[in-house]
Amino acid sequence: MEGSSSLLDAEAVADLVLLDPLTEESLVQTLRERFRRRDIYTYIGNVVISVNPYQSLPIYTPEKVEEYRNCSFFAVKPHIYAIADDAYRSLRDRDRDQCILITGESGAGKTEASKLVMSYVAAVSSKGEEVNKVKEQLLQSNPVLEAFGNAKTVRNDNSSRFGKYMDIEFDFKGEPLGGVISNYLLEKSRIVRHVKGERNFHIFYQLLAGASPQLLQQLKLRQDCGHYGYLNREGSSLPGMDDAANFHAMQDAMRVIGFSPAEVTELLEVTAVVLKLGNVQLSSSFQASGMEACSISDPQELREVCELIGLEPGALERALCSRTVKARDETVLTSLTVPQGYYGRDALAKNIYSRLFDWLVNRINASIQVKSDKQRKVMGVLDIYGFEIFQDNGFEQFIINYCNEKLQQIFILMTLKEEQEEYVREGIQWTPVEFFDNSIICNLIENSTTGILAMLDEECLRPGVVNEDTFLTKLNQLLATHKHYESKETQNARRVTDASLPPRCFRIHHYAGKVTYNVTGFIEKNNDLLFRDLSQAMWAARHALLRSLFPEGDPQKVSLKLPPTAGFQFKLSVALLMKNLYSKNPNYIRCIKPNDTKSAMVFTPELVLAQARYLGLMENVRVRRAGYAFRQLYGPFLQRYKMLNPRTWPRWDRGDREGTEVLLAGLEFPAEELAFGHTKIFIRSPRTLFDLERQRQERVAQLVTLIQKMFRGWRCRTQYQLMRKSQILISAWFRGHRQMNRYKQMKRSALILQAYARGWKSRRLLRELKSQCRRQAAATTIAAHWRGYQARRTYRKYFRSSASTCLANFIYRRLVHRYLVGLAKNLPPLSVMDRTWPPAPYRFLDNTNQELKNIFYRWKCKKYRDQLPASRRAQLQARLCASELFKDKKTLYPKSLQQPFRGEYLGLKQNPKYQKLHAVAKDKLVMADTVRKVNRASGKTVPRLLLLTTEHLVLADPKAAQPKTVLSLSDIHGVSVTRFSDGFLALHLKEVSTGAKGDFLLLSEHLIELVTRLHQTFEATTGQALPLHITDRFSTRFPKGDVSITVVESPKASTNGPVCKKKGSNKMEVLVH
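Residue numbering for the sequence shown follows my numbering, beginning at 50 and increasing consecutively.
A few of these clues could be false.
[Claimed, not checked] Below, a list of computed lysine to any residue pairs in the SDA-like style, where the Cα atoms sit at most 20 angstroms apart:
#1 Lys1039 - Ser1093
#2 Lys989 - Gly1113
#3 Lys973 - Asn984
#4 Lys1089 - Glu1118
#5 Lys936 - Arg1062
#6 Lys973 - Ala919
#7 Lys523 - Thr498
#8 Lys182 - Gln300
#9 Lys423 - Asp220
#10 Lys989 - Lys1046
#11 Lys1008 - Thr979
#12 Lys523 - Pro512
By construction, these hints were calculated from the structure, which means they are not laboratory data. Here the structure is a predicted model, which means the values were calculated and not measured.
Sequences are here, hints too, so could you generate the full structure?
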C-alpha cells in the first residue's frame, strides 16, 4: 500500500486495516467520522466500503475521472473510481480477467455503484464511433432493466428486485466490444402482491404516466393507477421520481440498444396484459352435481386481454376456470374453485412477467454480445441482493442469504489465497490465519442428499399429502444434531427454551447472524407450477412474442415431466456464477445503508453495525491484517520516510531496499515488527506505522521551519540587494538628469544670444532691401505714367470712332449673359413628356431660344434612353419602327398601341413538344406566334406555327410540331398589307427562293408586331430595308401563275378575321370588317 496522509488520519483512517484498536465500535466510529466529513468511501485493503449519502455529491465529475485515471490504488483518497481503474488496468495491461462484486442490502446503493463502475470504464476506455456505440449500448441497458426489474420498497425507492451479473468484454487494446447480462431470482411475487407503502415494478407506473393517449388506447389502458388491482388500487406519485420522463428515457434507451418499434410495441402489449389480468375477477357458482365452480364476473376485462393477445375469450376463460387432468388414457376436465382460479390467474401473471423479463435480458444480450470469435478479456460486474434479515423471512430471503453465503465463501478463500500468494512472492513466511469457514453452512443448504434445498425438492416431488409441516418435520429429523440449524422441535429435544423462535419456523446460524425462516409458502414458491391449460392457451394466442414465451404449450410437445423447481434452478445458477467468479480476479464493493428513513447525511450507528456484521467487515479486516497490516514497495516507502535518517536524507544514491534497511535501522523498531520482502517492506502492527508517521510529521515540521528560515533569509538578502541596486540606479539617473538640465540651460542661453545677433543683422539687411525696392518702384511708376501718357496721346484720335460698337457689343454680351443665367435657374422638369420652355426675353434671342429648347429636349430624351434596360429599349425601338411603318397608313395601328410586344406567344420553354422547332433554325428566336395560312386554291385557312429567328422564318404544323416550310430571310422579296384594321399579310418571295411554292398569304392577330420584327430582323440580316406595300390591290406569285388580290371592306366579313374568296383562277377577293 502506498502511504499518504489521507490514509493515515488517526481519527478516521481511510483503510480499516490500519484501525487500532480493532473493535466493532471503533470500526463504526471510523465510518461515522468519515461520513460526517462527506468521505463516503473507505478501504479494507483493496475492498471498498461505500456508505450511501442519499444525496448527490460533487465527486463524480470528469475532473475526478482524470484524477483517478492510471493512478496507484492507494495514492489518492478512497473512491469507487480507484477500484474501477485498478480492475480495468489489471485487465488491460496484465491480461487478467476481473470481476467486481457489489453487495449490500436494499437501499445501500448497489445499483448506483454498478452504474458508476460502468460509466468510469466507459470514460477511460478508447474513443471511436464503433467503440462509443458499444459503450452507449452497455450504459443504456441500465434504464431498461431498472424499469422492468426495479421497484419501490420501504427501504429503497429504486430497489433492484433481481440479481444482475454483467460480463463486459474487451479486446486486447482495452476497448469494449460488448457484453452479456445474466439475471437471478426476479421477485415475481411482487407482480400479484406487495405491502402497503411499496410499489409494483416501475414499468407499470411509467407506462401509465408516460404513454400517449393513442398508445394507452391501443393497449386498452387507463391512466389512473387506482383502477388496477395489481397496483393495490393506489396512487402512483413518488417524490423525486418522474415516471413519465423515465418512460421516455426507457424508450430512447431501447432505440439505442437496437429494439425495433414492433418489438417495443409487443413488449408493452404483454406488459399491459399482465396489468389487466389483475382486474379479471372471478365469482363462485355451483354445478348441477353440487360442486363449486368459478366463472368470470366481468367479461369486459377478459375480452380486452384477449384482443391484445389475439385469443378467443372462451379459450382463456376455460383455462382460468377449469383444469384438464390426464389419468392414464383418460382426460378429465375439472372445474376450479374461486381460490384455485385466482391462484391460476396470479400464477399466469407471474409466469408471463418472469418470462418476459428473461426475454428482455436475452434480447439485450443479442444486441450487446460480441459477434466475433476473437480472443477477448472480460470484466464482470455483480449487483446482487445483500444479506437480508426481516421480521418475517420467507423462501426469497432463504435463497438470497444462501447466495450471500456462497459470496462470503469465495471472498474469504480468494482473500486468503491472495494474501498467501503475496507472502510467497515476497519470501515472507506464511502464518495460517484462523477464520470462520462458512462452507458448513453452504453444505447445510446445498448438499445434494441432506441439504435443505434437496429435501425441499424431495417434498415437492413426493406423492401424497405434501405441505410445509411435513417439510419441516423432515428437516427436524435429518438436521437435529447440526450445530447451525435449530427449530422449535430441536430446541425442545435439547430442552432449550427460546420464545423468539415460533412454530412452523426454522433458524440457520449464518456467518452474518441467526435468521429465522417461516416455512409457509416454501412448497408453493419452490414448485412454481403453471397449469398446462394456461400454457396451451398462451401458446394458442396469435401474439408472436407471448406465444414464444410458452413453448411448452405446444400440444405436439406435451411432456408429463415436471419442470425443475425454483430452488434447483437457483442452485445451478449460483454454481455457474461461482465457477465464473473463481476464474476471475475479484474486486469487492460493500455497500452500507446509513439510515432507514433515506435521509441525506444521517448516520445510524446501530443500523450500520448490523450491516457490518451481515457483510462480515470485521472478518475482512482480520483476514487482511493477518500477519502484517501494512506493506509497501521499497521505492515509495523510502521516498516518503527518508528524511527520518541523516544517512538517507536528502539523497540516497544506492538501492531502495538497502536505503529502507538503513532508514529503519536508525529508528530502532523491534525486529519482529518488520519483515523485508523481495520488493516490499512489511510492518506488522498499525501502531508501528502510526509511530513512523508521527516521527515523519515532526520531521516535516522541522524541515518546514528550516525551509522557512532559509527562505526568509534569502528573501531579505534579495530585497536588500534589490534596494541597493535601486538606490545606485536612482542616484545615477538623478546626477545625469541634473547635468542634462544644466546643459540644456546653457544651450538655451547660447541660442538666445545667437538669435539676437542674427535678428539685428537681418533687420539691417531688410532696411537696405526695402529702401532699394522703394526706389525701384518709384522709377517704374514714373516710367509707366510716361508711357501711358504717350500712348493716350497717340491713340486719342482713334478711340472716339469705334466707341459705339464697343458699347453695343458690351450691352449685347450683358443681355445674353443675363438671359443664360436666368435660363439656368428656370429650366423645366426633366420629364420627356414635358415640352414646356421659358420664352425669350428679347426678340433677337428667338432663334437661339428655339435651338436651346430643341437641344435640351434631345438631351432629356438621350438621358431617358440611357437609363432604360436593354429589353425596354428594344421594345421602344420596335414601337418606333412600327410607328414609322404604319402610322397614318393602316387603321389597325392605333389599336396595337395598347398591346405590348411580347415576341414569344407559344410558350416554347414550357412546352417540350415545341422545343425541337427552335432547334431546326439553329439561331436566336425573335418571335413565335400562331398564324393562319390561306390556301391558294380554295381560300380556306389552316393554322400554322410561325417562328421568326435572326436568319430564318419557319412555318410548322401545330399538331405534329413538325416544320412545313423553312425560309431564309434573304429569300423574302417584300410584304404587302391592307390599309384596314385586319391581320391579312402577303409574304412575297424571290423567284429563286428554295423550300417554297410561291408567295404566302397569312392571317395574324399580331400583324403590326410581326411585320415590325420582320422588318427589323431583315434589315439587321441583309443591311436593306424590307419593301412594305400598304395597298388594297396587289399581285402574288403562285406556282400556277400570278393571282391578283383585291381587299374589300364589307360588313359581310367575319369579326374573327378576313374572309378569302377565290374569283376564278387568277383572282381572289378578301373581305375585311
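These are the hints, each one checked on the structure:
{"no.": "1", "hint": "Lys1039 - Ser1093", "verdict": "holds, 17 angstroms"}
{"no.": "2", "hint": "Lys989 - Gly1113", "verdict": "holds, 15 angstroms"}
{"no.": "3", "hint": "Lys973 - Asn984", "verdict": "violated, 29 angstroms"}
{"no.": "4", "hint": "Lys1089 - Glu1118", "verdict": "holds, 18 angstroms"}
{"no.": "5", "hint": "Lys936 - Arg1062", "verdict": "holds, 16 angstroms"}
{"no.": "6", "hint": "Lys973 - Ala919", "verdict": "holds, 16 angstroms"}
{"no.": "7", "hint": "Lys523 - Thr498", "verdict": "holds, 13 angstroms"}
{"no.": "8", "hint": "Lys182 - Gln300", "verdict": "holds, 17 angstroms"}
{"no.": "9", "hint": "Lys423 - Asp220", "verdict": "holds, 8 angstroms"}
{"no.": "10", "hint": "Lys989 - Lys1046", "verdict": "holds, 17 angstroms"}
{"no.": "11", "hint": "Lys1008 - Thr979", "verdict": "holds, 12 angstroms"}
{"no.": "12", "hint": "Lys523 - Pro512", "verdict": "holds, 15 angstroms"}
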